[in-house]
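One-letter residues, chain by chain:
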Amino acid sequence: MLTLGELAQKLDATLVGDASTPVDGLGTIQSATGSQLTFLANPRYRSFLENTGAAAVLLPESQQDYCPVAALVVKDPYLAFARASAFFEVAPQPAAGIHPAATVDPSARVADSACIGPNAVVEAGARVGEGAVVMANTVVGAGSVIGDACRLWPNVTIYHGVTLGPRTIIHANCVIGADGFGFAFNGAGWTKVHQVGGVRIGADVEIGASTTVDRGAIEDTVIGNGVILDNQIQVAHNVVIGDHTAVAGKAGIAGSAKIGAYCLIGGAAGIAGHIEICDKVQVLAMSLVSSSINEPGTYGSALPVDKQSRYRRNVARFRNLDDLARRVSKLERSSD
Amino acid sequence: MLTLGELAQKLDATLVGDASTPVDGLGTIQSATGSQLTFLANPRYRSFLENTGAAAVLLPESQQDYCPVAALVVKDPYLAFARASAFFEVAPQPAAGIHPAATVDPSARVADSACIGPNAVVEAGARVGEGAVVMANTVVGAGSVIGDACRLWPNVTIYHGVTLGPRTIIHANCVIGADGFGFAFNGAGWTKVHQVGGVRIGADVEIGASTTVDRGAIEDTVIGNGVILDNQIQVAHNVVIGDHTAVAGKAGIAGSAKIGAYCLIGGAAGIAGHIEICDKVQVLAMSLVSSSINEPGTYGSALPVDKQSRYRRNVARFRNLDDLARRVSKLERSSD
Amino acid sequence: MLTLGELAQKLDATLVGDASTPVDGLGTIQSATGSQLTFLANPRYRSFLENTGAAAVLLPESQQDYCPVAALVVKDPYLAFARASAFFEVAPQPAAGIHPAATVDPSARVADSACIGPNAVVEAGARVGEGAVVMANTVVGAGSVIGDACRLWPNVTIYHGVTLGPRTIIHANCVIGADGFGFAFNGAGWTKVHQVGGVRIGADVEIGASTTVDRGAIEDTVIGNGVILDNQIQVAHNVVIGDHTAVAGKAGIAGSAKIGAYCLIGGAAGIAGHIEICDKVQVLAMSLVSSSINEPGTYGSALPVDKQSRYRRNVARFRNLDDLARRVSKLERSSD
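So the protein lines, in turn, are chains A, B and C. The first sequence begins at 5 in our numbering and counts up one residue at a time. The second sequence begins at 5 in our numbering and counts up one residue at a time. The third sequence begins at 5 in our numbering and counts up one residue at a time.
Among the hints, erroneous ones may be present.
Remember, identical chains collapse to one label, so a pair may be satisfied in a single copy or spanning two.
In silico EDC-like links for lysine to aspartate or glutamate, alpha-carbon gap of 20 Å or less [what the hints assert, rightly or not]:
id	residue 1	residue 2
1	K334	D69
2	K284	D224
3	K196	D247
4	K262	E299
5	K14	D247
6	K334	D16
7	K262	E134
8	K311	E299
9	K334	E54
10	K262	E223
11	K79	E65
12	K196	D16
13	K262	D152
14	K262	D310
15	K311	D326
16	K196	D80
17	K262	D224
Hint data in this document are derived by calculation from the structure and do not stem from the laboratory.
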């Protein structure tokens, strides 16, 4: 629990209201109760503001007059709310120590302040840093390095030869360092290319549940600092993702693709292998990037849904689009 | 093993044949043996019916005359087959009790009739209901509630603050309650919005393998009663899915999308964030719903494959489709 | 460590250089060091060849003259490199034996030469073959059969009734044998069709991380010999995949689809249910196969990205493509 005065100080906000009012949680602007903090980022929601029952609202100066309760005036209310959210986190913080049901190889080095949960496994030569948390049933492969203050949620698999920078969060059931999809055709079938590279993940990265990041074929797969990956993303071998790039759920990035910094990759987008995307490119949801992008900006390709009858007719026409274009050219020639 | 007479009674079917014939399993209409039950739902397969070697066939009255073996006459053969399938389930039913290799926090409450498998972990304050099964290596987070007769298959991760209604089935390696993908840009990088909402899942829900359902940012992510989700679906934070909606494999539902009841969402379909889909909407496979749908019916957007040469030509034309349309308008004007 | 002479012999290569040179690893042609082996498969990279610092290069005879270091001349350098990669594998090879923290049912049969890792679970009646490795926290369901020399990485879930042929590799967090998505609508909701089939996976198969293969509804789901599946693929119930077919990451194959041998299915491609694809078909990334393909060749349907402004205009035109085609027909009629 924090008072509004304490919150104003921590968030560098100007408080309009009673500094002693206690806040014990977060709420939406429509449903926050009298002990909860909320925010107004979009002026469209002003009617909600005018009726909010929150203890206080993080808002920009322009909206202050419409606030019926205490206001915490800031430049960027959503960012301030993000900062405030850390004070009201509900996730349990496990205590340091190795659970008796964990299996830690004698050659592994686990910091005294780290937490190793029940049935977690830390294999030979692995290192777990200060304050790191390896939760229940997670496996840290041989020789891998879990940086200080990292958190690995349950059922994560970290293969051998993976390095995580400090403060990186890996959500449940992720797999980091599985073999890349490398095979040579031998005339009758596939000969495996053993994947001897590793994975290097930077500091302050967050990786969503069930995302997979493959190890490199020869050199490492690399994820930069501050990258955020959502759930169920596939990052193939030797992909490089630049610092602070955000990738939404279910995107797939094929082998050796190189994505710049500060990119925004939409949900279920596909990035082809061996291409480069420069910094500050936004790819819309379900779009396919099949060749390199050298200019910042927004790119898309997915068609949105239509009613089935019209969709079916348009699809049938698409099948003959080249023919249609030729017919138009012919008409143009004959009308000249 | 059941006799045809017992089956007829349980399924409310009219038996044409010997009530004492034993049935010990299920078969397809082409390959069922003389002790297996099968069904005919589609009259197209009548030739298979005429040659079936099954013990008995669930079929509608209209097909009865073509059945060379015993018939169980019902209105809806596929539904009757579904009901019958429960009698021949092959999945092991684990016995009640806490396995010695499980880790159950002293503050958790586990019903005596529940089963907690080896290496399963039940964290502080969690509750596991009567007859519920938590299989090997599954983790139930702090304070979460597993309803009566739920079944959690192995390697599932349930985070803290998740509630499952009774009789809900969660297949292996699902993740329920991981953090939603919420971040505020701070000018240099991303500040995490701690996700303090939970997940509420109704009764009689079934969730396929490796599906992920994120916890809400502030309020809960909600899945209604009787919802069925296939494998590898991503349900983002604060999504609401109405009762009895079915979602096929690999679909992705972005944050705060609200899907009605009795919808059918096709495989690998994408639903954008912050939109609403009304009841009884069908979305075809691999389609993108990028704005709200207010009218029941079927919607699609995916293009089906074509031979590479024609596909490439049509794609090239699509790239200039706006130009083509302008050229057609010009021709129309000049032909007036 | 191997000498170039030993490598030449093992790979059936012609060595041009000093047979006693030691090689202790693999490198890319740009960055290999003086103790590493590399390869040149594509003549486009000849400039890298001319500057390589590798110990030796696997290359075709045509490139031999441009090689500044030792050459191992072969017909297919990439295939030779694949074979060589096995000699430099970095994955730990666990020792035989059952870890004290594993849980093996007394009725299961585990070969003496097999390895069962910590917290792995082998259920009643299951069998684990000679030299097979079941890594940490993996579960082998009741009655399932793990062939000789298979390797199951951590956190894999094998349900009951699954059979893996010899030398098959299953990467971390895969789920094999979860229930197929079978439900009958009962007027008010969904009645589960209990899935009583199993899964049969052939020999020398490799399945990438977090891929799911559902059990059959009545008969088995079948994956042929030598099939290679990448990460996060969904294989629905009763799918059949022919020998040596390769499927890239995030593809989805719906129920009862039958895919031939030697097919190449691209990343995030979707295959509809109940269709057949003949042998030697290539499906491009993110394409939708919604009807059967009876002719070998390459097929695609995905649109590649464009700049947002042009993309939006073209999408709007696509919505009226049928109308545009009608307008062109009308122009043609009036110009006759």
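Which of the listed hints are not met by the structure?
Of the numbered hints, 1, 2, 5, 6, 7, 9, 13 do not hold.
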